[in-house]
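Trainee: Hey, can you work out the whole structure from these sequences and the hints?
Chains S and L are the protein sequences, given in the same order.
Sequential numbering of the first sequence, starting at 108, is according to this note's numbering.
Sequential numbering of the second sequence, starting at 298, is according to this note's numbering.
None of these hints come from the bench; they were simulated from the model.
Hints may be right or wrong, so weigh each one.
Said to hold, decoys possible - Pairs of lysine-lysine residues, derived as DSS-like cross-links and limited to a Cα-Cα distance of at most 30 Å, are as follows:
1) S/K148 - S/K125
2) L/K339 - S/K148
3) L/K319 - S/K147
4) L/K339 - S/K129
5) S/K116 - L/K339
Claimed, not checked - Taking beta-carbon pairs under 7 Å as the criterion, some of the chain S residues facing chain L (in silico):
6) P176
7) F213
8) G216
Since the structure is predicted, the reported quantities are computational estimates derived from the model, not experimental observations.
Quick reminder that beta carbons are idealized off the backbone N, C-alpha and C, glycines included.
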Amino acid sequence: DTEVTQTPKHLVMGMTNKKSLKCEQHMGHRAMYWYKQKAKKPPELMFVYSYEKLSINESVPSRFSPECPNSSLLNLHLHALQPEDSALYLCASSQSPGLAGHEQFFGPGTRLTVL
Amino acid sequence: GENVEQHPSTLSVQEGDSAVIKCTYSDSASNYFPWYKQELGKGPQLIIDIRSNVGEKKDQRIAVTLNKTAKHFSLHITETQPEDSAVYFCAACSLTGNQFYFGTGTSLTVIP
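Mentor: Spelled out as structure tokens, the structure:
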């Protein structure tokens with residue numbers, strides 16, 4: 108299984124809602140990533156988990172809260188988002204953190220719209 | 298930190314022609330350079346990568362070249378097909394970190 112799955116595919120939420128994005132991989136990868144991608148732009152790194160511990164937080168606002176319950180799952184909890192947070196949220200995983208040459212496998216993304 | 302520049306931002310070619318996309322990077326510590334293809338509504342998918350100990354790598358119609366001295370690398374697609382139409386991103390990564398630095402993307406259109 109060489110797939111990263113993400114749910115939901117689409118999400119529409121109001122600024123006062125609380126929602127969560129989910130990501131799952133069963134490749135035995137020990138690094139997992141959250142990216143934000145705006146239209147016609149490259150992915151922007153948000154968080155990196157290495158061995159289920161948060162290793163990189165790219166100065167992301169606290170309204171985004173990541174969680175890694177186990178080595179296969181990654182969540183992104185959303186609360187009090189702003190319309191400018193509307194974007195494609197991508198999850199990725201790689202075999203081993205901190206080593207170059209390990210491909211990052213991306214999921215299909217969750218298209219988030221904040222009203 | 299690393300800075301990756303990518304050109305052109307848009308590229309249109311006739312079916313069967315070749316397409317070339319170029320990237321430059323700034324950090325000499327970068328030693329892994331993947332290329333991703335992103336189709337509309339999908340996540341990026343790795344199509345080819347190269348490490349700094351290799352100057353060229355080929356996989357069927359796709360090839361990547363790397364010039365470490367000049368700090369640039371290029372993607373070459375030969376005999377382009379309409380299904381090659383997508384946005385392509387280059388990236389650079391260093392041995393000391395697991396963070397990819399992406400280029401700004403190239404929107405490739407192959408005209409049948």
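Trainee: Indicate, hint by hint, whether the structure satisfies it.
Mentor: Hints, one by one, checked against the model:
Restraint check for S/K148 and S/K125: satisfied, since their Cα atoms lie roughly 26 Å apart, inside the 30 Å limit. For the hint pairing L/K339 with S/K148, the CA-to-CA distance comes to about 14 Å; that is within 30 Å, so the pair holds. Straight-line distance between C-alpha atoms of L/K319 and S/K147 comes to about 18 Å, which keeps the hinted pair within the 30 Å bound. Of the supplied pair hints, the one linking L/K339 and S/K129 holds, its CA atoms being roughly 16 Å apart against a limit of 30 Å.
The hinted pair formed by S/K116 and L/K339 meets the criterion: a straight-line CA distance of about 10 Å does not exceed 30 Å. The interface hint given for S/P176 is violated, since its Cβ lies 21 Å from the closest Cβ of chain L, which is over the 7 Å cut-off. Using the Cβ-Cβ criterion of 7 Å, the hint placing S/F213 at the interface with chain L is satisfied: the shortest such distance is roughly 4 Å. The closest approach between the C-beta of S/G216 and any C-beta of chain L is roughly 5 Å, which is under the 7 Å cut-off, so the hint is satisfied.
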